[in-house]
Amino acid sequence: MSKAFKRSITKALENPNLGGILDRWNYPATRAKAYEGVDFEALRGEISAIKGEAAGRLPELADQFQQAAEAKGAKVFRASSPQAVLDYILGLCRSKGVKKVAKSKSMASEEIHLNKFLGEHGIQADETDLGEWIVQLAHQTPSHMVMPALHLTKEEVSDLFSQELKQPLSNDIQALVKVARKALREKFFEADLGVTGANIAIAETGTLVLMTNEGNARLVTTLPKIHVAIVGLEKLVPRFQDAAPILKALPKSATSQLITSYVSMITGPVPNDDGTMKDLHIILMDNQRTAMAADPEFKQALQCIRCASCLNVCPVYRLVGGHVFGHIYTGGIGTILTAWFNELKTTEDIQGLCIGCGKCNEVCPGKIDIAGLILELRRRLGQKEGLPFIQKSALQIINNRKVFHTMLRAASIAQKPFAKEGFIRHLPMFLSGLAEHRSLPAIAPQPFRDLFPEIRQPKGGPKVAFYAGCAIDFVSPKVGLAVVKVLNQAGYEVIFPQEQSCCGIPHWASGANEMAALAAAHNLGPLLAEEVEYVMTACATCATALKKEWPHLLQQQGMAGLVPKAEAVAAKTVMFTELVAKLIQEGRLTPKDGLELQSVTYHDSCHAKRHVGIYKEPRAALGAAGFDLREMNESDTCCGMGGSFTVKQPELSMGMLKRKLDNAEQTGAQYLCAECPGCLIQLGGGLDKRGSSLQAKHPAELLEDRFKDPEA
Amino acid sequence: MSEVAMFELFKSRVEGAGAQVHRVATRQEAIECVLKTLEAEGVGSGATAIWAESSCLEGCDTQALSARVPGLGFTVTREAAKAARVGITQMAWGIADTGTLVQDGSGVGQRLASALPWTHIALLDARQLVPDLATLLTKVDPTKSAFLGFITGPSRTADIERVLAIGVHGPERLVVICVDDLEGGRL
Ligand code: SF4
Ligand code: SF4
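Chains as they are written, first to last, in the working numbering: chain A, 1 to 712; chain B, 1 to 187.
Here chain A stands alone, though its shape is the one from the complex (with noise of 0.2 Å):
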């Protein structure tokens, strides 16, 4: 990671306004207000398939379009590359002796630097997007797709004013857009030519679509003679039709808004006031566009709508804002086209601010499996460039499960001097930034393979084999007790199988694939060693990893004949709440009489909630044992966790930890639980640090008394 990079992080984090804007927009509750009665589900099927078929034909809608807006009368000019662009408009300047340039909101006009490049020119474009114009006078670029000056106060927005005016001026927002509304007026009649982008370009009818709230695009349209309209290639529909799912999505998550206040429909050149007609180019950009679509993987990001509704709910972004990102495009998306506008290098560091958590993907109208295209540029980029050895070591070590296993045994000793009531307070110097939010674990003093075969477990009923992951096999032993517990109260022995080791999702979570399938086949026949009725996990990691991404891992890295087995696996893996719960249904545990009612609040780890889609069980297994659940905000954000994005982003994960816990903290309940032992060391090492209260609990833990025995 460079230098630059970590300070500039450093500072988002100390800018208090970067943190709070979006929380007090409150998004994900204004978003499920303006979706209401719609089904969203359908919605982005609609507008994936639509946007899908167009980036698999884009070459021939891109002829179509032309065909189409070229019949009406507008001048169509394909450009490969943002200089051609570039080169076409200040020729169409200087060929109509265009001194001015009023713009409205185009991201397209932004990848390409436009603004900048005219100036050099001698040409004046002014932004009109109020938000974009606070943005140009900050000579600084967007740092969000729909909203340009988050970032911005309005003590901020009132300096650039009052500098740009010449004259004082109060921070009230509604004065400070008027002001705004009588400076940018001039400059739509002052201009000779006017720049818009498009929302969508609508291959069989020519048809161009702005959306915007301002009104500002319609301004720009009319006043100015000249039109030019920059249009990427992803902008493109086959169908009149098309447009209507995507107008109805995209201001619902943009803004919460069940339409945008102005939509243009633009076909063909319109009359201006002196009785001339409008001279209309339409600039459709490529831009390594058609090249994203000819790769399998990539091809999808060609569905986005630019709603930016993955920044709103990402984690990293609220922390942080769009600045670090580093380019015009920010957010998990905006690390996406990155790559490929510009090249996969410049995202060596911005891709390591995905945590993987996919909360982008639950959210996206155009279907993108964001989190899984951060990943595949994160193994990309191993592949091209190599794991930092640091790193590639640390993860092979992880896959030799003798030497892995040896070295937590001789950790567990190490740290003793340090250890005390299962945490780590005190660490060596350089580690002590990793402790200052957070407690860390310390490693057990004997790790749950060698508890396991000392426990009595009745003999004869149906088998479970478990699969306790490193975190409880190391670190949280008492978690595997109570989970065989609960187990033989249903009358289930549980087996462990010794040979099991890492389940490999660290190593898939750092782009090296090859170490994951390895890590999977390693497993695979200790897991099928023995006929058992389920492969039972109480970590959601280990879930993501048994339940579905071994069969892909294994097929991926050319081990094709492994993977009905990998299969078999799945088919057979439940999370542990997820096995309670159904034994609770079917009758096989029954909660015991008289249970002192308790409070928990239920944290929904990543992996469990958006990669195997488990969050009803846990909470009606405690539900039906005595808890009474108290729902926090936002149960199902990240608590910063992310395996190794804690140690490699130390001050995003805390800031991460921080909210979660402060959500927590204010149910007001005994628990803070999660089925996930990785989120378990985060929430209980910030808890401990805090001096809190709040225990932070497995659903095993919580559990183990609160069945009756078999024989009672």
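Please note that a few of the clues may not be correct.
[To be verified] Heads up, simulated EDC-like pairs for lysine to aspartate or glutamate below, C-alpha to C-alpha not over 20 Å straight-line: (1) A:33 to B:97; (2) A:72 to B:161; (3) B:139 to B:172; (4) A:178 to B:161; (5) B:144 to A:190; (6) A:72 to A:186; (7) B:36 to B:8; (8) B:82 to A:192; (9) A:697 to A:651; (10) A:367 to A:41; (11) A:178 to B:61; (12) B:82 to A:273; (13) B:82 to A:274; (14) B:82 to A:531; (15) B:82 to A:190; (16) A:345 to A:295; (17) A:182 to B:79; (18) A:154 to B:161; (19) A:100 to A:186; (20) B:11 to A:36; (21) A:182 to B:172; (22) B:139 to A:186; (23) A:33 to A:53; (24) A:225 to B:79; (25) A:367 to A:349; (26) A:463 to A:531; (27) A:459 to A:348; (28) A:33 to B:172; (29) B:144 to A:279; (30) A:100 to B:79; (31) B:144 to A:204; (32) A:367 to A:87; (33) B:11 to B:161; (34) A:572 to A:530; (35) A:33 to B:132; (36) A:463 to A:530; (37) A:72 to B:104; (38) A:75 to A:192; (39) A:485 to A:631.
Derived by calculation from the structure, the hints in this document are not laboratory data.
Only a predicted model underlies this, so the values are computations on that prediction, with no experimental measurement involved.
Got chain A sorted already, so can you dock chain B with the ligands onto it with the hints?
Just chain B with the ligands now, with coordinates in the frame of chain A:
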């Protein structure tokens, strides 16, 4: 959806978007409603208004209207629109479930009068309401109307600290006059 239900939905959505709705029966009442709104806006006592070409004005004595409200003009130019307090245009369609007005803005006067003044008065024949956007797209043909303008509420921004502000570039106030029969009862 019944016509009554559709209008009720339209009205609540228009109001939800921060605009006003009047419902009148005849063209004559609509014109009266426009004139009253103009007076309330100060047109006649200094401020000006422009009324862009509208089919409901056909056969109407526009000079008499200007005489009643001095400052009301029927020639729409860039400069007149820039100076005007109020712009009046007739809409082609209304969309109930979003409270949206749809104009055929191919004529420049339609665009200028609806986009530049502080207040926009929009006339709509109630029979031109459709339930939703998808239905609307089956009724309009972009190859026949070079500029289709969809308008929902006044101009708005939240670009400074996400605080809503109205009237940044377009109108600050939108008044919708919905008429049972806008074409009938010529003067
Ligand atoms: S996966 Fe999470 S951290 Fe990564 S971009 Fe999406 S929301 Fe942000
Ligand atoms: S990736 Fe999805 S959520 Fe993000 S801007 Fe694009 S469409 Fe919106």
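Status of the hints after comparison with the structure:
A hinted pair counts as satisfied when its Cα atoms are at most 20 Å apart, and residue 33 of chain A with residue 97 of chain B qualifies at roughly 14 Å. For the suggested pair residue 72 of chain A and residue 161 of chain B, the alpha carbons sit about 42 Å apart, so the restraint of at most 20 Å is broken. A threshold of 20 Å between alpha carbons decides the hint, and for residue 139 of chain B with residue 172 of chain B the separation of about 29 Å lies outside it, so the pair is violated. Between residue 178 of chain A and residue 161 of chain B the CA atoms are separated by roughly 15 Å; this keeps the pair inside 20 Å, and the hint holds.
Annotation: proposed proximity of residue 144 of chain B to residue 190 of chain A is violated, straight-line Cα distance about 30 Å (limit 20 Å). A C-alpha spacing of about 31 Å is found between residue 72 of chain A and residue 186 of chain A, which places the hinted pair above 20 Å, so the restraint is violated. The suggested pairing of residue 36 of chain B with residue 8 of chain B is violated, with an alpha-carbon distance near 24 Å, which exceeds 20 Å. This hinted pair checks out: residue 82 of chain B and residue 192 of chain A have alpha carbons roughly 17 Å apart, not beyond 20 Å.
A C-alpha spacing of about 24 Å is found between residue 697 of chain A and residue 651 of chain A, which places the hinted pair above 20 Å, so the restraint is violated. Taking the CA atoms of residue 367 of chain A and residue 41 of chain A, the gap is near 9 Å; set against the 20 Å cutoff, the hint holds. As the CA atoms of residue 178 of chain A and residue 61 of chain B are separated by approximately 37 Å, the hinted pair breaks the 20 Å bound. Proximity of residue 82 of chain B to residue 273 of chain A is assessed by CA-CA distance (about 13 Å); at most 20 Å being required, the pair is judged to hold.
Distance restraint check for residue 82 of chain B and residue 274 of chain A: the Cα-Cα separation of roughly 15 Å lies within the 20 Å cut-off, and the hinted pair is therefore satisfied. Among the hinted pairs, residue 82 of chain B with residue 531 of chain A is inconsistent with the structure: their alpha-carbon atoms are about 82 Å apart, more than 20 Å. Restraint check: the Cα-Cα separation between residue 82 of chain B and residue 190 of chain A comes to about 13 Å, which is no more than 20 Å; the hinted pair holds. Taking the CA atoms of residue 345 of chain A and residue 295 of chain A, the gap is near 17 Å; set against the 20 Å cutoff, the hint holds.
The hinted pair formed by residue 182 of chain A and residue 79 of chain B meets the criterion: a straight-line CA distance of about 15 Å does not exceed 20 Å. Restraint check for residue 154 of chain A and residue 161 of chain B: the C-alpha separation of about 7 Å stays at or below 20 Å, so the hint holds. A hinted pair counts as satisfied when its Cα atoms are at most 20 Å apart, and residue 100 of chain A with residue 186 of chain A qualifies at roughly 11 Å. With a C-alpha separation of about 18 Å, the suggested pairing of residue 11 of chain B with residue 36 of chain A holds against the 20 Å cut-off.
Between residue 182 of chain A and residue 172 of chain B the alpha-carbon distance is near 13 Å, which keeps this suggested pair within the 20 Å criterion. Simply put, residue 139 of chain B and residue 186 of chain A have alpha-carbon atoms about 37 Å apart, too far for the 20 Å limit, and the pair is violated. Our distance criterion of 20 Å between C-alpha atoms is broken by residue 33 of chain A and residue 53 of chain A, whose separation comes to about 30 Å. Between residue 225 of chain A and residue 79 of chain B, the direct Cα distance comes to roughly 15 Å. Compliance with the 20 Å bound is thereby established for this hinted pair.
Annotation: proposed proximity of residue 367 of chain A to residue 349 of chain A is violated, straight-line Cα distance about 25 Å (limit 20 Å). The suggested pairing of residue 463 of chain A with residue 531 of chain A holds, with an alpha-carbon distance near 8 Å, which does not exceed 20 Å. Under the criterion of a C-alpha separation no larger than 20 Å, the hint pairing residue 459 of chain A with residue 348 of chain A is inconsistent with the structure, at around 54 Å. Of the pairs offered as hints, the one joining residue 33 of chain A and residue 172 of chain B is violated, with about 25 Å between alpha carbons and a cut-off of 20 Å exceeded.
For the given pair, residue 144 of chain B sits about 19 Å from residue 279 of chain A by alpha-carbon distance, which is consistent with the 20 Å threshold. Restraint check for residue 100 of chain A and residue 79 of chain B: satisfied, since their Cα atoms lie roughly 19 Å apart, inside the 20 Å limit. Between residue 144 of chain B and residue 204 of chain A, the direct Cα distance comes to roughly 13 Å. Compliance with the 20 Å bound is thereby established for this hinted pair. Among the hinted pairs, residue 367 of chain A with residue 87 of chain A is inconsistent with the structure: their alpha-carbon atoms are about 35 Å apart, more than 20 Å.
Between the alpha carbons of residue 11 of chain B and residue 161 of chain B the distance comes to roughly 30 Å, so the proposed pair goes past 20 Å and is violated. Pair hint residue 572 of chain A plus residue 530 of chain A holds up; C-alpha atoms about 13 Å apart against a cutoff of 20 Å. Under the criterion of a C-alpha separation no larger than 20 Å, the hint pairing residue 33 of chain A with residue 132 of chain B is consistent with the structure, at around 18 Å. Of the supplied pair hints, the one linking residue 463 of chain A and residue 530 of chain A holds, its CA atoms being roughly 9 Å apart against a limit of 20 Å.
As the CA atoms of residue 72 of chain A and residue 104 of chain B are separated by approximately 17 Å, the hinted pair is consistent with the 20 Å bound. Between residue 75 of chain A and residue 192 of chain A the alpha-carbon distance is near 17 Å, which keeps this suggested pair within the 20 Å criterion. Annotation: proposed proximity of residue 485 of chain A to residue 631 of chain A is violated, straight-line Cα distance about 27 Å (limit 20 Å).
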